[in-house]
Amino acid sequence: MEKLGSELMRGSLDLMVLSVLAAGPKYGYLIGQSLHEASRGMVDVQAGTMYPLLHRLEDDKLIRSRWDESTGRRRKWYELTPAGHKRLKQQANQWYQYAQCLTKMLQPVLSASPEPA
Amino acid sequence: MSQQEFELYLSLLGRFLRLNAAQRSEIADELRDHLEERLDELKSQGLSQDEAVRQALHEFGDASELATHFTQLAKLRRRRILMRSMYASVGAATAVILLMWGMMRTPEPLLNQDVVAQSEVTEVAQVKSPDADAFPTVNESADVKAGQSDGPATGTSDHQAEIEKKLATKLDKVDFIDIPLRDTLVYISEQIQVDILFDERSLKESGVTLDEPVTLSLQHTQVSAATAIELVFERAAGTGVLTYKIRDGFIYVQPTATSRDDVSIEIYNVRDLLEGVETTIREGETLSEDSVDALLSRLPGALAGSPLAARDVRKAGGPMAGRRAGAMGRPGMGAGRPGAMAGVMASSSSYPVEVSPVESLIRVIIAATDDTWAKNGSGNGTIEEFDGLLVIRQSEDQHREIKKLLDMLRETKRGIATEQREPEALPSY
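Sequences listed follow chains Z and H, in order. Each residue of the first sequence is one higher than the one before, starting from 47 at the first, in my numbering. Each residue of the second sequence is one higher than the one before, starting from 164 at the first, in my numbering.
There's no promise every hint is true.
[As the list claims (entries may be wrong)] Dumping the calculated DSS-like pairs for lysine-lysine here, alpha-carbon to alpha-carbon at most 25 Å:
| hint | chain 1 | residue 1 | chain 2 | residue 2 |
| --- | --- | --- | --- | --- |
| 1 | Z | Lys135 | Z | Lys107 |
| 2 | H | Lys333 | H | Lys567 |
| 3 | H | Lys567 | H | Lys538 |
| 4 | Z | Lys122 | H | Lys206 |
| 5 | H | Lys538 | Z | Lys72 |
| 6 | Z | Lys72 | Z | Lys107 |
Everything labelled a hint here was simulated from the structure, so no lab data went into it.
Okay, chain H solo, but in the shape it has when bound (with noise of 0.2 Å):
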């Protein structure tokens, strides 16, 4: 029973320590020793098997801090930190306190719970930035954030871009095979030497592990950052379960369920999106897949109407009462053609109605982003038009996603013009 209890303890060890294979049976080895010969002694105190296990275990303590002792990073962190304080110092410094610091070589032992709770990299966080707070909370109200004249928008601070721009940078090599999760992301923090931070406490709640294990082996291609981090993200906990915002100068690990509490304004400026669209002609309105699809694929030409008419077919009852916004129906090049569009209806109420660019626009980007929206689902998001700009309310994750779709439109239509100015390379429909 004692041996059981003990070889549990390990198994759980085993799960926090960040070793490889023989290092881990290494230690365990060394701690079971260490327990025999503890138990040896209690027994001879007088104590029985089970209380001698039980006491050596407690003096022993939590395995996970035990584990935190012991991974390597945890050791690089504080030597840095020590090194710090020391450089701090020798300013203030007479010389007996400089013989002081000089034996101050070793770093806490112990640590305490606090910092136990936190992932090793904030512990470099917190010597860069003294003043930040040492506990990172979550925003709860929207900040707005000013956009950009021209493209999509983002936000504020040089700090947003300046973190952008680096997770944009591709990454030397990646190779990891059974990596904890966190190491991974210690890895391409110090790539792009950028601090990343976990919202431990939101992702306990959720039941995500920083300690799974991700294999991601690229040798043909260098991904951005930000490419892999979404690719240990899924490795480590399926798609869509982790996300990260950026904060202040750093990156943030947290649960997308989380994050999504967690929204912004920001402002696109869709003008060049909207430009040269028409006004077509639609009836009634579709919960297909194949329409949004299509629609994705060749966006100039299929937008059209007026907002009158579209708030008639929602009044109407149409299928617009279903979560996702339907598409357009078939577009085409230059005018819409009504008459493509009776394949892809399922209309009850087959009146003409007339939808403005903007609304279309709308309806896509609502219609390619998750179930986040206030109008026709169970999110916080919201968006609405203004003199052909886009005011967004969302979750940064889905800011995210936005701005890839905008940049697929804009591309595509690009490319469309190009092919408009070939008449050659016209596809006939």
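Same shape as in the complex, but just chain Z (with noise of 0.2 Å):
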């Protein structure tokens, strides 16, 4: 499967993000890594892109983040805040109606011509 190229990913990061989120808290690396396995390798995302994200993220009080030092080095956790749930729930709908809407534009473009390699 091809990765997704930046202009898709543009309006999308943030929730991604957020849904990786929800099954539990996760430092950044960890974020980046769960990025790239739940799309099964279509999502691929540099750090500098996903940490200014996390930080904006968190500006907007959708996620918190804490300090852990257990491992004997720094590291940054973040999880969902309430807000974050509702927000993440909020747009996955947005998301879905916008992928079944554009999915029956299209599906004429899909089936009259041959799949695209």
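Since each chain comes alone in its own frame, lean on the hints to assemble the complex.
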């Protein structure tokens, strides 16, 4: 499967990160890994994109962070806030509707011509 | 070795980041953690330590780009742009498109190279006037600006006057502690509601860094925005290194050297200054700095002579050949007193010379400004007189200096006129 281009990801990276955190708290590197796995390799986000995004989500109070030093190394963990959970649900619904709508519109295009390589 | 490289990278990143020390160290810790994990993974895939470090740092990307992504301001700007794009598209939207825009809440995570090269403030400018040039170019050709009929002439458009007025407004509070120059200018820009853009390329070429930390704390005075800008320029880069020009409704920050390539003509009505000035006779000329100061503090009465005679002096190869036009000797109240001039002259060509008032004024202007004149220096500036009007071709920052000088002269002249009306106040020589 092709990697998702940044154009497509642009609008939805926030949502992806929120969804990955829904399962439980994670630290930055782990979030990147989860995104990669959950998307079956289609999503590969650079540190330079991800960390500012995380900080922004934290500024927006959708996630919160805490430092943990139990491993001997300073590590920053993120988790969803109640507002974050709410936003995730809202956005997930919106995206679903959007995806359905778009799929419907593009159906004739997909069935009419052979599938692009 | 690897640890060093990474710490170096982090410190480079730190230089670019515009956050306080605590925030910076937090980001450093987080990135360090990420890097360690990445290194572990790469090494488990078989790479050597060095290879792993190289790969991991490569993945991180350019430090400056990274820093740009991190800064608070960048976030703010991006959000604004996105919001504005949303408003713009509502008109054309069907329900589905509305839904799409509703979901496109997040700003661009990856800025392309062009945008990174500009300052964040530029993005706002782009949104405000989408038809304007995205990349402002330096104007090499001289443009003519018509003057007003009284006082020092200024530029043409309402824009220019408007911006100048805004620059004159007093700032609320100025309390910068180790704030990067760029951020201080953004603050000022917001205060006076004028965009401030940066000639990034020229600034880079001149080695001026906009991230230089500036400390400026004004507790008891309120300064104008223009003064504040000059102060932060000075603190960040030293005197005279940076300047700004007013272009088409915004303020453009450039290195002074670059800005001086860009000259324009302005016309100054100086008839009021020349009024009542008497012709005096003086001898030769001198390069003495004291003479210049003396003249500047007591102008009326010192100017004299005819252009013809002045030319004679030049022909005779007098001290005029030097860089700074000399002063006219000790001025006095009323008619000139050649006797008093003897003390300040270093005259090799000592024959009486008449210099017209306007000539003298021109020399004062040249003496009081930097070496930017064609006639006796290494610059492009020219200054000619026409019917009591000075036609000056100079860079914008020099025009500003000239205006200040003329204002000072006017004030002094006014002050002296007041004194003259009250005979008791006359100082005795």
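Here is how each hint holds up against the structure:
{"no.": "1", "hint": "Z:Lys135 x Z:Lys107", "verdict": "15 Å, holds"}
{"no.": "2", "hint": "H:Lys333 x H:Lys567", "verdict": "18 Å, holds"}
{"no.": "3", "hint": "H:Lys567 x H:Lys538", "verdict": "22 Å, holds"}
{"no.": "4", "hint": "Z:Lys122 x H:Lys206", "verdict": "23 Å, holds"}
{"no.": "5", "hint": "H:Lys538 x Z:Lys72", "verdict": "71 Å, violated"}
{"no.": "6", "hint": "Z:Lys72 x Z:Lys107", "verdict": "16 Å, holds"}
The structure shown violates just one earlier hint, number 5.
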